[in-house]
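**Q** One letter stands for each residue in the lines below.
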Amino acid sequence: MKNLAFASIVELRNAFAKNEISSAELLDYFVQRFERYDKDLGSALEIFDKESIIKKYTPGTILNAIPGIIKDNICQQDRITSCSSKILQNFRATYDATAIARLKKAGALLVGRANCDEFAMGSSTETSAYQKTKNPWDPNRVPGGSSGGSIAAVAAGLVPWSLGSETGGSVRQPAAFCGIVGLKPTYGLISRYGLIAYASSMDQIGIATRTVEDNAIVLSAIAGKDASDSTTANVEPKDYTKNIAAGIKKGLKIGVIENALYAQGMDPEIVKAIETALEEYKKLGAEVRTISLPSMDYGAAIYFILSRAEAASNLARFDGVRYGYRSKNSETLAHMYANSRQEGFGEEVKARILVGNYVLSVGHADQFYNNALKAQQVMRQEFMKAFHDVDVLVAPTHPVPAFKFGAFADNKLQMDLQDYFTCPMNIIGIPALNIPCGFTKDNLPIGFQLVGPHFSEELLFQVAHAYEQMTPWHTMHPKGFE
Amino acid sequence: MTHITKEELLKIARMSNLELKEEEIPSLIAQIQSVLTYAERVQDVASKTIDTSELPKNSNVFRPDIAVKTDSEPILEQAPQREQNYFVVPVILEN
Chain A
1 MKNLAFASIV
11 ELRNAFAKNE
21 ISSAELLDYF
31 VQRFERYDKD
41 LGSALEIFDK
51 ESIIKKYTPG
61 TILNAIPGII
71 KDNICQQDRI
81 TSCSSKILQN
91 FRATYDATAI
101 ARLKKAGALL
111 VGRANCDEFA
121 MGSSTETSAY
131 QKTKNPWDPN
141 RVPGGSSGGS
151 IAAVAAGLVP
161 WSLGSETGGS
171 VRQPAAFCGI
181 VGLKPTYGLI
191 SRYGLIAYAS
201 SMDQIGIATR
211 TVEDNAIVLS
221 AIAGKDASDS
231 TTANVEPKDY
241 TKNIAAGIKK
251 GLKIGVIENA
261 LYAQGMDPEI
271 VKAIETALEE
281 YKKLGAEVRT
291 ISLPSMDYGA
301 AIYFILSRAE
311 AASNLARFDG
321 VRYGYRSKNS
331 ETLAHMYANS
341 RQEGFGEEVK
351 ARILVGNYVL
361 SVGHADQFYN
371 NALKAQQVMR
381 QEFMKAFHDV
391 DVLVAPTHPV
401 PAFKFGAFAD
411 NKLQMDLQDY
421 FTCPMNIIGI
431 PALNIPCGFT
441 KDNLPIGFQL
451 VGPHFSEELL
461 FQVAHAYEQM
471 TPWHTMHPKG
481 FE
Chain B
1 MTHITKEELL
11 KIARMSNLEL
21 KEEEIPSLIA
31 QIQSVLTYAE
41 RVQDVASKTI
51 DTSELPKNSN
61 VFRPDIAVKT
71 DSEPILEQAP
81 QREQNYFVVP
91 VILEN
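Protein sequences, first through last, are from chains A and B. At position 231 of the first sequence (counting the first as 1) the number is 231 in the numbering used here, and the numbers step up by one without a gap. At position 9 of the second sequence (counting the first as 1) the number is 9 in the numbering used here, and the numbers step up by one without a gap.
Please keep in mind that the hints were generated in silico from the structure rather than gathered at the bench. Accuracy of the hints is not assured; some may be wrong.
To give a feel for the contact side, a few chain B residues facing chain A, derived at Cβ under 10 Å [claimed, not checked]:
1. Glu19
2. Gln31
3. Asn60
4. Ala67
Going by beta-carbon spacing under 8 Å, a handful of chain A positions derived as facing chain B [to be verified]:
5. Thr94
6. Ala227
7. Ser313
8. Asn314
9. Met336
10. Ala338
11. Tyr358
12. Asn371
13. Ala375
14. Val378
15. Lys404
16. Phe408
From the three backbone atoms N, C-alpha and C, an ideal C-beta is built for every residue, glycine too.
Kindly produce the complete structure, drawing on both the sequences and the hints.
**A** Here it is in structure tokens:
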């Protein structure tokens, strides 16, 4: 039996269909990989017992018997779902998120819950209340965040796919740091029912895999209109793999956002790797042109304001009354609220709630929140106009490669600005896909983003797949996880 | 440059139902000020007039007004303190 560790979903499915391996053997194999490697890597907060995984499994279709791990902010019925926070340390989800229910229908084996930044707030997975996750390529460096656990597990070959969530780049950025494929779908494509809310107007479940085709398979299993989430678009589920190998049409117009690629602070090795990738696209017949999108310079500012404002509202529900952590020895209800939240939330979460309520408060709302809404419309329009002239955009995913633990401990603004290139797409609601495009001389992964108009995932997959198939990146894996 | 006083921070904290410790306050003020100072730049863009005709518009999504009954026991049994269908909490009004 060939080494399954870094096999794709397609390869595993074929092995399963040919009866080369059973669902129980597949589950065993990957659970053992967590047992062997995850004490050190720290990607999972919990790997469920095999019996309960099998009990929740029914044979399905496109993900039949394929194990994956789910970020800790997505509700899996009867499982602890803590958002990597103490305030939900004992909370058991009483229902499956729609994405989970659809994964089960497709036959997926859900092996556990993945570590993340607390309430998805962060860019390094360092704010998790429970543990750190290491970057599989360098144990002294972060995997990125907030979906660091989900991404590290896939990059290390512990599972072939995982779900994370995106609000400002939390799947694409760690995917870039760990050398894998990370999708942020169009807002409204994947149901948010059961995704614990951070910023409701931007949150989306994201998908991490090692190949583009695998990513399209998982999307096919979970995308589509959901009656339980009125913010889902009127889109029917479909097969996103159907035309994935069609190649790119001659003259495909790729717009390189030059004020992003050549922004101050960009690591020169990353710039070089992206320029080389663009040369590959030219060889494939694409027409590459540079464009300028000045509104990108305001993306992070808009994101800081809107996301924190929404977070302050969404996290008001955690008050110790009905579920989760309740502080003891509170004499009055008001003290119980304040103490439970003070003791249950970490520093970053508290800071964001305070910023959020500040920008919404009388005397500041006009300057910050209302202006951010107006700026968001300007940004939307600029990007939508760009898509009149080009088919897809290319931008960096990250300004620097995976950084060391604690690198931004004294500079929270610099940490927040790690989202600089990714958050515009969340603000606008358009889809974006990180794909690996090389390594630094220190052997750290480099990624870049393909960005498309609303509901262009099929095109993004095609364009990404074409590049992937002519490059070696998807065959390269971190050492130490054989 | 956004400037937050300690008083204002404590007021926002009260609104947020957060009880801050004295030693947290200086670094919180510093962190919040630096994020907000950076975010001030949105006012540069906000004054631009744009043609909104092409932008997506939100519309309401309705469902039939039919009540759906679910079993409340799985949630009630997770309550820190409960009595029948009630969540038990400390006294609401101070003496």
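**Q** Need the list of violated hint numbers for this structure, in ascending order.
**A** 4, 7, 8, 15, 16
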